[in-house]
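*Asks:* Read left to right, the sequence shown gives residues 3 to 196 (this note's numbering).
Because the hints were derived from the structure by calculation, they are not lab data.
If you're wondering where the values come from, they're calculated on a predicted model, not measured in any experiment.
Ideal placement from N, C-alpha and C gives every residue a C-beta, glycine not left out.
Treat the hints with care, as some may be off.
Okay, the calculated beta carbon distance ranges per label pair [said to hold, decoys possible]:
{"no.": "1", "residue 1": "Ala17", "residue 2": "Val146", "range": "14 to 24 Å"}
{"no.": "2", "residue 1": "Leu62", "residue 2": "Pro134", "range": "20 to 30 Å"}
{"no.": "3", "residue 1": "Asp110", "residue 2": "Arg48", "range": "22 to 32 Å"}
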Amino acid sequence: MSDMIGIIGGTGLYAMRELGTPRTRTVSTPFGAPSAPLVTGTLHGREVAFLARHGLQHQLLPGEINFRANIWALKSLGVRTVIGVSAVGSLREEIRPGDIALPSQYLDFTRGTRAASFFGGGLVAHISSAQPTCRATAALIARVARAGAVALHEDKTYACVEGPRLGTRAESLFLRGAAPGSRIRHTMPRPNRY
């Protein structure tokens, strides 16, 4: 059987009613409770675990999300691939609401609001972020989006800023010029993978 796929739902995606034989799972982690109970089930024959990033009632601000607990909980259920769905703002007019933007790189401007790594407390390690996203997963999402005739923007840069406030006009203009190519911006901190 294939590895389970994890889907982390952001603003607007708090449940996946499409899951067959859904089962709610409460998972304990060394980092505390995840944002919400996980729901496992099947989707088109694949095992899926769903987690509502901001909680079932959208009650968690970006800085309150326990990313380490979320990732630990998904991994403990056998998840090996995670797809994060987020409602984000665009810094380019050609990327419109409802479009799918697939980032291949990110700019992380969040600092010090919460633990950003599984390392520390005596465990010293360094990781490469040169290629921070999974190309195979992005290619699969792109193929599905094209088949569904959804507007798709690939190889974008995700700029992550401290929330919950949105950026000033000056900050948005700065981010627009910070890297080549179109980009997306969001107030949801990025360290769900470390």
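*Asks:* Just pull the numbers of the violated hints for me, sorted ascending.
*Replies:* none
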